[in-house]
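*Asks:* Sequence:
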Amino acid sequence: MSLRRLILLLLLSGLVAPDVAAQEKPAPETPAEVPVASTATVPAATMDAETRCLALSVYWEGKTETREGQLAVAHTVLNRTKNPKFPNTICGVVAQKPEGRKKGCQFSWWCDGKRDEPKDDKDWHEAVDVAKATMKAEAGDPTGGALYFHSSKIKPPVWATKRKRLARIGDHIFYR
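Under mature numbering (1 follows the signal peptide of the UniProt record, and there is no 0), read the sequence shown as residues -21 to -1, 1 to 155, first letter to last.
A couple of the hints might just be wrong.
[As the list claims (entries may be wrong)] Now the in silico label distances, taken between C-beta atoms and shown as ranges:
1. Lys141 x Lys76: 15 to 23 Å
2. Pro66 x Lys115: 16 to 24 Å
3. Lys76 x Ile133: 16 to 24 Å
4. Gly119 x Asn62: 15 to 23 Å
5. Asp100 x Lys64: 29 to 37 Å
6. Ser131 x Lys64: 21 to 29 Å
In short, the hints are calculated from the structure, not lab data. If you're wondering where the values come from, they're calculated on a predicted model, not measured in any experiment. For every residue, glycine included, the Cβ atom is placed at its ideal position computed from N, Cα and C.
Input sequences plus hints: build the corresponding full structure.
*Replies:* And the structure:
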C-alpha cells in the first residue's frame, strides 16, 4: 500500500488529523486497511476490522464456491487464530508471511498486486454473511479443523505433502 493510499484511508476513517497526516509513516499493511468499494451493500464502516479481514478472505478465496466452500475458507482462517503457530487475530493470520520465506503471502489475494476492493455486491454481501456466521459459531466447520488449503486447480504445493488431507470442498483441498 502506498503512503498516499494509507494517508487517504486514515483521513477518511478520521484516525489522523490532516496536518499530521503528511508526517505519518505507513503502518504495517493489514487487510483491515483495505477499503471496501463504496457500492458494496455492506459498507466497511459498519464492520469491525476482524470481520472485514475474514470477509475479504472469503470473498477473494471463495467467492465462486458454494456456501459450504466459503465456510471452509472462513473456518480455516479462524482455526489458525486458535493455533500457536499462527497469529491470534484474523487480520494477523491473513497478512502473515509464509514461514521460512521473505516474500509471498499465506493467502494469494493479499499480495497479488491487485486492488482488493470487492467488485460484486452480491458476492461481497454473501462473504460478509459467511464471515459473521463463522465468527459467531453459527455454522459448523466443514473441514474438521483445517489449517491450510489450496486450489484443486493447481499442482499440490510441497507443504501439502507434509500435511494430513482432511477434505476436498468445491475447488479447494483442506489440510491440517
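*Asks:* Does each hint fit the structure? Answer for all of them.
*Replies:* Status of the hints after comparison with the structure:
For Lys141 and Lys76, the hinted distance range of 15 to 23 Å is satisfied, since their beta carbons lie about 19 Å from each other. Between Pro66 and Lys115, the C-beta spacing of about 21 Å keeps the proposed range 16 to 24 Å intact. Between Lys76 and Ile133 the beta carbons are some 20 Å apart, a value that agrees with the proposed interval 16 to 24 Å. For the pair Gly119 and Asn62, the supplied restraint of 15 to 23 Å holds, since their beta-carbon distance comes to about 18 Å.
In this structure the supplied range 29 to 37 Å holds for Asp100 paired with Lys64, their Cβ-Cβ distance being about 36 Å. A C-beta distance of roughly 24 Å is found between Ser131 and Lys64, which places it inside the suggested range of 21 to 29 Å.
Figure legend: structure checked against the earlier numbered hints; every hint is met.
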